[in-house]
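Undergrad: Chain by chain, the residues run as shown.
Protein chains: 2
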Amino acid sequence: MPDAEGHPAPAEMTLRTLLAALADPLRYEVVRSLAQEADGAARTCASFGFPVSKSTLSHHFRVLREAGLIRQVDRGNSRAAALRRDEIEARFPGLVGLVRDNPGGMADTP
Amino acid sequence: MPDAEGHPAPAEMTLRTLLAALADPLRYEVVRSLAQEADGAARTCASFGFPVSKSTLSHHFRVLREAGLIRQVDRGNSRAAALRRDEIEARFPGLVGLVRDNPGGMADTP
Numbered sequence: 001m002p003d004a005e006g007h008p009a010p011a012e013m014t015l016r017t018l019l020a021a022l023a024d025p026l027r028y029e030v031v032r033s034l035a036q037e038a039d040g041a042a043r044t045c046a047s048f049g050f051p052v053s054k055s056t057l058s059h060h061f062r063v064l065r066e067a068g069l070i071r072q073v074d075r076g077n078s079r080a081a082a083l084r085r086d087e088i089e090a091r092f093p094g095l096v097g098l099v100r101d102n103p104g105g106m107a108d109t110p
Numbered sequence: 111m112p113d114a115e116g117h118p119a120p121a122e123m124t125l126r127t128l129l130a131a132l133a134d135p136l137r138y139e140v141v142r143s144l145a146q147e148a149d150g151a152a153r154t155c156a157s158f159g160f161p162v163s164k165s166t167l168s169h170h171f172r173v174l175r176e177a178g179l180i181r182q183v184d185r186g187n188s189r190a191a192a193l194r195r196d197e198i199e200a201r202f203p204g205l206v207g208l209v210r211d212n213p214g215g216m217a218d219t220p
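Chain order of the listed sequences is A and B. Using our numbering, the letters of the first sequence map in sequence onto residues 1 to 110. Using our numbering, the letters of the second sequence map in sequence onto residues 111 to 220.
The reader is advised that the hints may include incorrect statements.
Said to hold, decoys possible - Which chain A residues face chain B? A few, computed with CB under 10 Å, are given here:
#, residue
1, Thr17
2, Leu18
3, Leu19
4, Ala21
5, Ala23
6, Arg75
7, Ala80
8, Ala82
9, Ala90
10, Phe92
11, Pro93
12, Leu95
13, Val99
14, Gly104
Claimed, not checked - Quick list of the computed label-pair ranges, beta carbon to beta carbon:
#, chain 1, residue 1, chain 2, residue 2, range
15, B, Glu122, A, His59, 26 to 36 Å
16, A, Ser53, B, Leu167, 15 to 25 Å
17, A, Glu66, B, Ala121, 30 to 40 Å
18, B, Ala151, A, Ala46, 44 to 54 Å
19, A, His59, B, Pro203, 28 to 38 Å
20, B, Pro161, A, Ser78, 26 to 36 Å
21, A, Ser78, B, Asp184, 30 to 40 Å
22, B, Met111, A, Gly40, 19 to 29 Å
23, B, Gly204, A, Asp39, 12 to 22 Å
Unchecked claim - Some chain B residues well away from chain A (every beta-carbon gap over 12 Å; in silico):
#, residue
24, Thr124
25, Thr127
26, Tyr138
Simulated from the structure, these hints should not be mistaken for laboratory data. These numbers were taken from a predicted model, which means no experiment stands behind them. Positions of the beta carbon are idealized from the N, C-alpha and C atoms, including for glycine.
Model the full assembly from the supplied sequences, consistent with the hints where possible.
TA: As C-alpha cells, then:
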C-alpha cells in the first residue's frame with residue numbers, strides 16, 4: 001500500500017494511472033521539466049510558475065504523487081518534488097524519455 | 111491536417127494527446143488488444159464486447175482515431191479499427207510495447 005504521504009510502491013504503479021496523470025498539460029509539463037533536470041533534482045511547486053491557484057497546484061501535485069510519478073519531500077516550510085526516475089524506468093522502460101523528448105503543448109514557463 | 115476521416119498525419123500526433131486517449135480504461139483496452147494481435151489486424155468495434163452503448167463506443171473510437179492511435183477502415187456495412195503501430199513506433203518508440211505489456215486494470219473482455 002502507499003506510504004503515509006501517498007507514494008505508491010513501484011509494484012503498485014499502473015501504466016494507465018501514470019498516463020492519466022500525464023494527460024493533463026500542467027502535470028505533463030511538471031514531469032517533463034523534472035525529466036530534463038539532473039537526476040534527483042527537486043523543485044518546489046511554486047518554482048514552476050504556473051498561473052493557477054495554490055489549491056489547484058496542490059491538486060495536480062497530489063495526482064502526480066499518487067500515480068507514482070513524483071516524490072514529495074519536505075524542506076522546512078516548503079515542499080519540493082522530485083521525479084521517481086529510476087523506479088519508473090524499472091517498471092515502464094522508456095516512458096520518462098518519451099515525455100522528456102516530446103513537448104506537451106503548453107507554453108514554456110519561466 | 112487530418113484527413114477527411116479525422117486521421118492525423120504522424121507529424122501531427124502529440125504524445126500528450128495519445129496519453130490522454132489512453133487514460134480511459136476502455137480505450138486503453140482497445141489499444142492493448144490491438145497491440146497484442148498480429149500487425150495490421152483490424153477488428154470491428156462490436157468485436158470487443160464492451161457493455162456500453164453504441165454512441166459511447168463511437169465516441170471512444172473517435173477519440174482514438176483523432177489522437178492517431180487507430181485507423182478506421184470501412185468494411186461494407188461495418189467499420190474495423192487497426193492500430194497505427196508502425197507510425198506510432200516511429201514517432202514515439204516503445205509506447206505501443208509498454209501498453210501491450212501492461213494490463214490497464216479493466217477486466218478482460220471476451
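Undergrad: Confirm or reject each hint.
TA: Evaluated hints:
no. : hint                            : in the structure
1   : Thr17                           : holds, 8 Å
2   : Leu18                           : holds, 9 Å
3   : Leu19                           : holds, 5 Å
4   : Ala21                           : holds, 8 Å
5   : Ala23                           : holds, 4 Å
6   : Arg75                           : violated, 29 Å
7   : Ala80                           : violated, 24 Å
8   : Ala82                           : violated, 21 Å
9   : Ala90                           : violated, 13 Å
10  : Phe92                           : holds, 6 Å
11  : Pro93                           : holds, 7 Å
12  : Leu95                           : holds, 6 Å
13  : Val99                           : holds, 7 Å
14  : Gly104                          : holds, 4 Å
15  : B:Glu122 to A:His59: 26 to 36 Å : holds, 30 Å
16  : A:Ser53 to B:Leu167: 15 to 25 Å : violated, 37 Å
17  : A:Glu66 to B:Ala121: 30 to 40 Å : holds, 34 Å
18  : B:Ala151 to A:Ala46: 44 to 54 Å : holds, 49 Å
19  : A:His59 to B:Pro203: 28 to 38 Å : holds, 32 Å
20  : B:Pro161 to A:Ser78: 26 to 36 Å : violated, 47 Å
21  : A:Ser78 to B:Asp184: 30 to 40 Å : violated, 57 Å
22  : B:Met111 to A:Gly40: 19 to 29 Å : violated, 42 Å
23  : B:Gly204 to A:Asp39: 12 to 22 Å : holds, 20 Å
24  : Thr124                          : violated, 6 Å
25  : Thr127                          : violated, 8 Å
26  : Tyr138                          : violated, 5 Å
In summary, the structure is inconsistent with hints 6, 7, 8, 9, 16, 20, 21, 22, 24, 25, 26 from the numbered list given earlier, while agreeing with the others.
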